[in-house]
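Engineer: These protein sequences, in sequence, are chains A and B.
For the first sequence, position 161 (counting from the first letter as 1) is numbered 161 according to our numbering, and the numbering increases by one without interruption.
For the second sequence, position 228 (counting from the first letter as 1) is numbered 228 according to our numbering, and the numbering increases by one without interruption.
I should point out that these hints are in silico values taken from the structure, not numbers from a laboratory.
A quick note: this is a predicted structure, and the numbers were derived from the prediction, not measured.
You can take every hint at face value.
Residues from chain B shown here face chain A by an in silico Cβ test under 7 Å; the list is partial:
#: 1; residue: 17
#: 2; residue: 27
#: 3; residue: 30
#: 4; residue: 32
#: 5; residue: 38
#: 6; residue: 41
#: 7; residue: 42
#: 8; residue: 45
#: 9; residue: 46
#: 10; residue: 49
#: 11; residue: 51
Within a straight-line C-alpha distance of at most 35 Å, the following computed DSBU-like cross-link-like pairs (lysine-lysine) qualify:
#: 12; chain 1: B; residue 1: 237; chain 2: A; residue 2: 127
#: 13; chain 1: A; residue 1: 127; chain 2: B; residue 2: 26
#: 14; chain 1: A; residue 1: 70; chain 2: A; residue 2: 107
#: 15; chain 1: B; residue 1: 343; chain 2: B; residue 2: 237
#: 16; chain 1: A; residue 1: 227; chain 2: A; residue 2: 266
#: 17; chain 1: A; residue 1: 127; chain 2: B; residue 2: 212
#: 18; chain 1: B; residue 1: 237; chain 2: A; residue 2: 265
#: 19; chain 1: B; residue 1: 205; chain 2: A; residue 2: 66
#: 20; chain 1: A; residue 1: 265; chain 2: A; residue 2: 70
#: 21; chain 1: A; residue 1: 66; chain 2: B; residue 2: 212
#: 22; chain 1: A; residue 1: 214; chain 2: A; residue 2: 266
#: 23; chain 1: A; residue 1: 228; chain 2: B; residue 2: 237
#: 24; chain 1: B; residue 1: 205; chain 2: A; residue 2: 127
#: 25; chain 1: A; residue 1: 107; chain 2: B; residue 2: 212
#: 26; chain 1: A; residue 1: 227; chain 2: A; residue 2: 127
#: 27; chain 1: B; residue 1: 237; chain 2: A; residue 2: 70
#: 28; chain 1: A; residue 1: 66; chain 2: B; residue 2: 237
#: 29; chain 1: A; residue 1: 70; chain 2: B; residue 2: 212
#: 30; chain 1: B; residue 1: 237; chain 2: B; residue 2: 335
#: 31; chain 1: B; residue 1: 237; chain 2: A; residue 2: 227
#: 32; chain 1: B; residue 1: 237; chain 2: A; residue 2: 266
#: 33; chain 1: A; residue 1: 210; chain 2: A; residue 2: 227
#: 34; chain 1: B; residue 1: 205; chain 2: A; residue 2: 70
Label-pair restraints from in silico Cβ distances:
#: 35; chain 1: B; residue 1: 220; chain 2: A; residue 2: 157; range: 39 to 49 Å
#: 36; chain 1: B; residue 1: 212; chain 2: A; residue 2: 239; range: 44 to 54 Å
#: 37; chain 1: A; residue 1: 144; chain 2: B; residue 2: 219; range: 29 to 39 Å
#: 38; chain 1: B; residue 1: 298; chain 2: A; residue 2: 138; range: 51 to 61 Å
#: 39; chain 1: B; residue 1: 34; chain 2: A; residue 2: 239; range: 33 to 43 Å
#: 40; chain 1: B; residue 1: 220; chain 2: A; residue 2: 92; range: 25 to 35 Å
By construction, the Cβ of each residue, glycine as well, lies at the ideal position given by its N, Cα and C atoms.
Below are the chains, spelled out letter by letter.
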Amino acid sequence: MTQNAFHRFTGASRYVLDEELAKIVNVSMALEMPLLLKGEPGTGKTMLAHAIAESLQMPLIVLNVKSSMKLVEALYQYDTLTRLNDSRFGDSTRDVSNISEYIRMGKIGQAFVADQRTVLLIDEIDKADTDFQDDMLDVLDQMQFDILEIDRTVRARHRPVVIITSNAKKDLSDPFLGRCNFHHIAFPDEEMMRHIVAVHFPDLSDDIAKAGIKAFYRLRALEGIEKKPATRELLNWLRALRADPGFRLEALADEALPYLGVLFKKSGDLERANVLANA
Amino acid sequence: MFAPFFYTLRSRGVPVTPTAFLRLQKALSLGLVESLGDFYTVARSILVKSERDFDTYDRVFAEQFEGVAAETGGAVEVDDAIRALLDEWLKEPDELAKAMGLSTQELKRMSADELLNYFLERLMDQKGVHRGGRKWIGVGGIAPVGHSGSRPGGMRVGGVSRNRSAIVVALERRYRDYAQDAPLTRAQTGEALKRLRHMLPAGPKDRLNVEKTIDQTMRNAGEIEIVFDRRLADKLKVVLLIDNGGWSMDPYVETVRSLFHHAQTQFKELSIYYFHNTVRDRVWRDAQRRSHPELVDMLVRRDPETRLIVVGDASMAPEELFQVKSIVPFEDRQKMPSIDRLKQLAAAFRHAVWLNPAPDYLWDSRISIRGIRQVFPMFPLNLTGLERAVAHLTAR
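This is chain B alone, in the form it adopts within the complex:
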């Protein structure tokens, strides 16, 4: 009866092993599972080995055991949409407070869930009273404006099941924040990047090697022979190229910044350069891309063992990538189309990757992305992508 469940999990990318499945059968035969709720918990602990897959598990479970089609607009999904909206509005607490008829103080006191309930109540009210006319809550009135500002509330992560049906628990999707394609957190970024480091012996021989000392001493028939080693140091050089221009990168700036923040603490020799949309003749040391240019011709002369990481959405008009702008003064004119510059970089550094924050289902539909993917191996900028990119960079 549970075989389809097993196969659906597998087909959705949860790495369930047959051994684990047999173990689940054993657990069932031991009489440990008395209800669907028990089954939900037990099966998850046996089958799923990472919190990143919990969300997928929840969805598959709900689907299999209640016939709820995933991704259809049920009550839960509407709820989610409202949560997302509220989250957005909370960036402008004063506006939201006014719209809801609350003081900012009261609003700050409310937890995310209280706020959601309050909002839903208001929404019910509104249905009864207003139709058309002056909406007091709606996208038109208090749509999100700014980016910064304090966000008083916040969504909780997970919860505790108490006498609720397993389906309801599963549908809550408590583990969505841990899902594979969830945005990167700083800690995760750091851990993924850390794997890039590789230690090589360097510097003076000042580390006592006990094993070898004993070995040598024994070979010398007890005459003490002390062996020293060089200490290990991180010799890895990394060049990071970041696309920080244009509105198309705006939504990803936070993620990229946290990546950048972590990269700085991870590597001894890290050079960061900026570019706009794509690399032309030069890249810049300063984020404003004004005062400290560096020619790509110079960049490619670096140690070929340097790891090159390019971060950018690779989305632009095709002519920007494939052609040289002709209506500019001669001295500013590009020497070659951008795509050739990229090829030059890829040829100079054999360990190079392109991290793309744009969701990977868009990649095939954009000509510029398709073009760049032929030059650089491209990975999505989420945890899985980052891990794959690091694996690629560390490969010999």
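The following block holds chain A by itself, in its conformation from the complex:
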């Protein structure tokens, strides 16, 4: 291990990190392996990458995976259209006969050629197909890829810290899993949630936070809800409560909770929540 050991990750200002997760991030960095994060939507998988970048003081590069994406798009793009345009009108400073002037780096490429070490977030890998996933890990394993058009090999100047998130929509292939460190982010418990809320709303009074969180967990536990509200929804809900000048603390203890629409995004769920919570 080199001086990277000093880049220990301890948690950033906006993200509440449990020890377990911090340890896993550090180990993944030391072993130079991508870290695969799974968990319910809204548990802060994407936020974690932001927090890691912030606390390690590295730039963050985000690759948002789409279902139709091909690996090469994530590596580089050969901009044929501009080249065609240039060759026809010839009014640019680029040299049309030099193809490398028309190669643009994709997100993974950018992370490889960056001047300093970066955090590379590959968000929602499960959207892509298996071939994409496996090929991508080959690239990340070898830390290099070829640009076919100009027969050049791009090597990573600094090995990026790779964070991969998955919403567990599809199972990932075994070889893929074998090459990643794995962590599953469980939904935070009430105590943890109080920390999270305190980080986001430092000036929120204890009573409101406590009552709000309590009501929130009660709502989460309702049966028959299709999309349970997650941390993101709770934070938005608290924001809504704070923005309401007529809001009193007692409203949370009441049976009829305000702004349930912020928590429940599906109309069926909202109706159910209204009926059940106010029963």
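Position chain B relative to chain A; hints supplied.
Structural biologist: Only chain B this time, still in chain A's reference frame:
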């Protein structure tokens, strides 16, 4: 020192690879692990690749590093038993509130853990005061009655470790809800079933195929030749037969319903039929099994590529499966024993599975299950089983 740990994980079905194990050794040699707590976390992130195996990992870890035998009745297990009981009682909040000397309102305010602690305190009290006599908490008094009703509390999932020993954390079994054999959630069901879909070209040729267009154009020496394709559509036909009769299926109704709910949104052509215990001459379109019968003789004439999924616990008296009831009016009489009907179905549809919600350790002990398994490949109705069933159905 860690080799036995590794092998125990493997023998319990956690797919640990030697590479991962070597990687763990490397992590250890890098000096990243300073305590057993660290080891717990680091080893899990390196060795275990699915939250479904976290629970098994927890148990093996606790066993290996404290010599705690799994599945023995320690403090934790008692705790669990009480949790399960409370959970059951919570279906009748008013009764429970009365028994605990609380108002329903107060009860609703309590989280599952507060409730558990309160309950344990009461239990201690009781030991001191009462022995025999009128129990104020017990199975006799406030045993679960109804099925429906609101459930105010609920168990939390997972937690955060803070300065507690790794063994304690492992013993908490925070990931039990994610375990392989845990009940199916709706999302999981949907995802598993989705794999059944397969897309085939159908309809008019109205999709531009860019690649082929370029290719053809080049072959034509630059004369533009546009190539169209048919769009892809889901042509898969599925027949779902659900056993919705008899008390033996009652405990599984919820699971089956969620399966059914998802199946409806997944497939273009899905027919659902109901039966009671086993398939005889006809199955029904309506859940009451009264007004819309469909003869099995008609059913088997469908497209042989149709996927047939039967859901049922396959548990019944053997004569129900193997014999024809003789004491019924002639016109109602079964043409053939049920087992032959099943064979007829299995012969008509080569892609057929039977999903059984009954736990698979019971399968060998029931004659009717053994009989049906000889006709249909049977899979347990949990995530692993469903995945295997889908793999079987999609096989060529």
